[in-house]
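Visitor: Protein chains in written order, with our numbering: chain A, 196 to 550; chain B, 196 to 550.
Take the hints with a grain of salt, since some may be wrong.
Put simply, identical chains are the same to the list, so a pair is met inside one copy or across any two.
[To be verified] Think about it this way: if two alpha-carbon atoms lie no more than 25 Å apart in a straight line, the pair counts; the simulated DMTMM-like pairs of lysine to aspartate or glutamate are:
1) K201 to D402
2) K396 to E501
3) K288 to D222
4) K360 to E253
5) K214 to E487
6) K360 to E341
7) K360 to D222
8) K288 to E537
Keep in mind that the hints were calculated from the coordinates and are not lab data.
Number of protein chains: 2
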Amino acid sequence: MELLNKTISGIKAADELAKSEAVRHMDSLIKPIGSLGTLEKIAVQLSGITGQRSNTFEKKCTIVMAADNGVHEEGVSSCPQEITAVQTINMTKGLTGICVLSQHAGAEVVIVDIGVKGDLNAGGIINKKISHGTRNMAKGPAMTREQAVKAFETGIEIVGELVSKGYKLFGTGEMGICNTSTSSAVLMALTDISVEQAVGKGAGLTDADYENKKRVIERALETNKPDSNDVLDVISKVGGYDIAGMAGCFLAAAYYRVPIVIDGFISTVAAFAAYKLNPLVKDYMFASHSSEEIGYKHAIQILGLEPMLNLHMRLGEGTGCPLAFNIIEASQAVVKNMATFEQGAINDDFLVDIR
Amino acid sequence: MELLNKTISGIKAADELAKSEAVRHMDSLIKPIGSLGTLEKIAVQLSGITGQRSNTFEKKCTIVMAADNGVHEEGVSSCPQEITAVQTINMTKGLTGICVLSQHAGAEVVIVDIGVKGDLNAGGIINKKISHGTRNMAKGPAMTREQAVKAFETGIEIVGELVSKGYKLFGTGEMGICNTSTSSAVLMALTDISVEQAVGKGAGLTDADYENKKRVIERALETNKPDSNDVLDVISKVGGYDIAGMAGCFLAAAYYRVPIVIDGFISTVAAFAAYKLNPLVKDYMFASHSSEEIGYKHAIQILGLEPMLNLHMRLGEGTGCPLAFNIIEASQAVVKNMATFEQGAINDDFLVDIR
């Protein structure tokens with residue numbers, strides 16, 4: 196609990212002076228003011244995070260939190276639970292969506308077993324298993340409060356270690372069958388969003404299974420009565436280790452002043468949980484893509500962020516992050532390489548008009 | 196006229212067999228079916244264009260058509276006309292937005308003077324000047340029909356030469372003060388879109404100047420009475436060399452079966468003009484980003500395409516294209532490197548469920 200509290204209370208706001216200077220630089224480049232839109236905003240936000248006008252991200256990675264959820268026994272997913280373990284192992288072989296997209300972006304994937312059911316015999320997985328999956332939230336708390344704290348602190352520790360190794364840009368991903376169910380439950384517990392707004396069909400449920408999924412999530416909330424003002428209570432009762440671990444990553448990124456990218460629905464719920472613990476974390480976050488999961492658009496709206504990409508993706512794993520890394524890096528190409536009005540030989544007569 | 200006619204009539208539809216095979220391959224990869232959304236659709240479309248399951252784009256470029264517009268004398272832009280020439284020269288030095296974003300994407304910029312006012316003394320510009328800018332469309336036709344044909348054929352020739360040099364992926368951009376005015380006029384002439392829907396404030400007009408811009412565009416349409424069923428009549432009377440040149444690029448890309456990316460508003464209007472000449476060109480087009488120019492959303496909707504990026508950009512120059520190149524290439528990373536269910540050790544029992 197000490198590490199979690201220290202991290203939450205140690206987060207400071209963005210550097211407003213650096214942001215003002217970044218805006219000034221942006222406005223000096225040969226283009227109508229603001230015409231590069233979000234690329235300009237990204238650059239300014241990065242300056243607020245690091246204090247630097249320009250930033251390079253040679254070492255960057257998406258952290259994938261893998262965990263199982265006890266609520267699987269309620270039939271809320273069309274996938275067998277073993278898929279979590281199988282796909283986590285496939286991550287180590289570079290075979291999954293997040294792996295191939297990361298390789299394309301010159302980024303790495305950091306795989307964390309934070310609570311997969313079963314022992315994973317594969318190299319390349321950071322073993323931080325808290326237990327072999329959570330318990331069934333429809334029948335009682337998914338985990339103890341201590342386990343929830345441990346999951347948050349796992350995320351904090353992982354980011355801390357990676358920062359010390361020189362990683363400067365992070366993404367958040369997950370692998371865990373049934374984690375759209377836990378994410379919907381957490382979102383509903385923390386907000387006044389309805390079950391219809393929060394719960395989607397996940398990776399392909401039938402209509403009957405979808406109705407069951409909504410009823411199970413409602414039952415989990417009724418059974419556990421999580422305290423909406425106590426994020427740890429909510430996460431421990433109806434969340435998952437992956438959500439808690441990613442929320443820890445968001446807190447740590449803000450603490451260490453490094454940019455961190457949100458992927459889809461589950462990642463956004465984790466970002467929102469971190470935001471509820473300290474709203475300043477938002478200064479360090481970037482929304483990557485507009486997920487097709489129904490709860491996503493409500494969650495990202497409540498968080499007040501706007502995604503850069505519109506690709507109708509709903510795979511999870513962090514797949515939006517490496518695509519966003521490229522855009523974030525493109526913003527730095529603008530900062531570093533585009534000419535100022537002065538360099539571009541657009542003299543004072545023109546200057547007045549083009550601005 | 197012969198080259199233009201040959202190109203229009205030589206365009207064939209996408210390869211449906213190759214598309215079916217691409218879909219089958221996509222559905223065999225370890226992910227829920229369709230969960231990579233637009234990345235999957237891009238990959239399938241590319242297969243339809245080239246006939247290949249996977250594609251590589253080592254040589255890729257954005258073609259920037261630079262031209263001046265006589266309507267400048269009506270005060271429809273806040274920029275002096277000389278900015279067209281200055282920025283075209285800045286393109287050769289790698290200083291502008293499209294240059295730095297292309298460099299970031301490993302792509303090139305091909306700069307074509309298709310009608311800039313004044314002689315450009317700079318290397319690295321392909322000189323295809325048709326005249327020193329068009330005439331003032333508010334007073335009569337912007338160009339002759341022969342000049343319009345020449346501009347289309349210039350675009351066709353440029354793409355043909357680049358294809359023969361091994362370029363496999365194209366973007367379209369422009370540089371030309373007042374080309375939002377000509378684009379709005381062309382869009383209104385070809386569709387039933389109103390002046391309020393088609394005309395934006397461009398690179399920063401005052402309210403009074405904005406009202407003037409709308410009146411000038413309406414006057415140009417009233418004066419010239421372009422025939423909405425005759426694209427060449429429309430382009431010659433109220434268009435610009437840049438729009439015609441880009442439209443030629445779209446036709447040629449379809450003719451040579453290479454993918455081509457649309458940038459913002461002006462580029463979309465050019466794409467729509469090409470579409471009106473032969474609707475099959477749409478099979479070869481990709482929309483990059485959702486431009487902030489007001490006419491864009493109507494134009495892209497009529498064309499029936501959806502942009503990948505939501506970055507509030509309105510710079511033009513082709514700046515959306517290199518960002519889209521990265522996403523198009525990401526789709527090929529998925530095609531080539533992601534495992535199939537078989538390779539991913541997800542056996543038949545799992546297979547039934549995850550699908």
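Visitor: Now look at each hint and say whether the structure bears it out.
Guide: Evaluated hints:
no.	hint	in the structure
1	K201 to D402	neither (45 Å within a copy, 52 Å between copies)
2	K396 to E501	both (23 Å within a copy, 24 Å between copies)
3	K288 to D222	between (45 Å within a copy, 20 Å between copies)
4	K360 to E253	within (12 Å within a copy, 33 Å between copies)
5	K214 to E487	between (33 Å within a copy, 24 Å between copies)
6	K360 to E341	neither (28 Å within a copy, 64 Å between copies)
7	K360 to D222	neither (35 Å within a copy, 38 Å between copies)
8	K288 to E537	between (50 Å within a copy, 14 Å between copies)
Checked against the numbered hints above, the structure violates hints 1, 6 and 7; every other hint is satisfied.
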